[in-house]
Amino acid sequence: MDTYYHPKDLAHFPDIGKDAPELWQKFLAWYNAVFAEGALSEREKALIALAVAHTVQCPYCIDAYSTACLEKGSDIEQMTEAIHVAAAIRGGSSLVHGVQMRNHVDKVSM
Amino acid sequence: MAKVLPTLRKQQHPLADSAYQRRLLDDLSLRPFAEAAASAGHRPLKAAGISVLQLNVGKRCNQTCAHCHVDAGPERKEVMTRAVLEAALNFLAQSDIPMLDITGGAPEMHPDFREIVERATALGRHVMDRCNLSITRLPNYSYLPEFLAEYRVEVVASLPSYAAKTTDTQRGEGVFEDSIAALQHFNRLGYGKEGSGLILNLVTNPVGAFLPGNQHSLERDWKAQMKRRYGIEFNHLYTITNMPISRFLDFLLRSGNLEAYLEKLVTAFNPTTVEGLMCRTTLSVGWDGRLYDCDFNQMLDLGVGPQAPQTIFEATPESLSQRVIQLGQHCYGCTAGLGSSCGGATV
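The listed protein sequences correspond, in order, to chains A and B. 32 is the number that our numbering gives to position 32 of the first sequence; each next residue is one higher, with no gaps. 42 is the number that our numbering gives to position 42 of the second sequence; each next residue is one higher, with no gaps.
None of these hints come from the bench; they were simulated from the model. Hints are all accurate, no fakes.
Below, a list of computed lysine-lysine pairs in the DSS-like style, where the Cα atoms sit at most 27 Å apart: (1) Lys10/B x Lys165/B; (2) Lys45/A x Lys264/B; (3) Lys165/B x Lys45/A; (4) Lys18/A x Lys264/B; (5) Lys264/B x Lys8/A.
Predicted, not measured: the structure shown is a model, and the values here were computed from it.
The task is simple: from the sequences and hints, build the whole structure.
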């Protein structure tokens, strides 16, 4: 079956580095540093990543960070709440632009 | 919530046959574990003394956990015989092995459990009880917390999650509630409290086909959550990787996760874990007196090597302390990531 996304393609992510190796190395170093334990724990970062993955709707990230969240001790209830946070921000960011809508309506209306 | 199945033995499942399990893992065409161990400088892998004598006193258990490598359950009949017990305690007495680790099934269901604890303590050894917690809520075993406290037994208790749904998925409906009540009881006796000397450690296995996370980070999180949610304190959290054996192997097959999980274990092979593998310092004794390098080998019927005494009856500490360890593909479970053992991560 023809499809754009293949789960096994995630394992080939490093192939991106083949034709721009220096940039790939810089990305990898930064990426690993981002997800390392810091002021936020690895577990907290994985939950944030999971939420963002749903916002940008990256199926590879959703798979990878679902597993990462489980490994780092989160459960399905916590992960579901994280997704709701993502959805709430997405929904809220649409809704808050309604203030701009209302401002414009006020300006042009009698 | 997932249904907890009867034991593989009761189902007359092909996986109840240890030889079948070993063939299944061997047929996956993965790099032989012996080669991986050799790449870490251990050719062959040998024991480095015995610091833990682990007795598996039987396969009878009041639970049938979904991940159990023992295939333990209420209808199992295998119970350590009196003769084996005597031989094991004599072996302990003749040695300077500092720790006795009592496991099962539910080890407390052995009719002579109290005597084992009393005699090992009288020998001055540190005794550890691998406790499923719910056993202490059964009327015939309600004496356990006070008894264990009296003999200052270290309690190593299994709890996969601080949430009910995840725990009950692995261990059976209602087990979480019983576990929390049991832990609160242990706390009231002083277990897990700073300075009491009564050690209460928790063991968590992932509830699925994934590896455990960083043990130190998880311990920090668990301490905060267990205290906040249930007022429970404990000493340490141990993470244990699920071994592709018995009921967890059955789950891997049924869910289509076997190849991916084994690949994950092999890819995560960490050579620095080999030096501290628990089989190198543990001697495992089966209910019938047969000797094994670890409880996992025991459940795969992989006895100690041919050069070593095969049963506790002819064993001496000297004849076993430098033995060649018997390896199999399941061993990747103990060398993935930060390593795994009965005492948690090994690096």
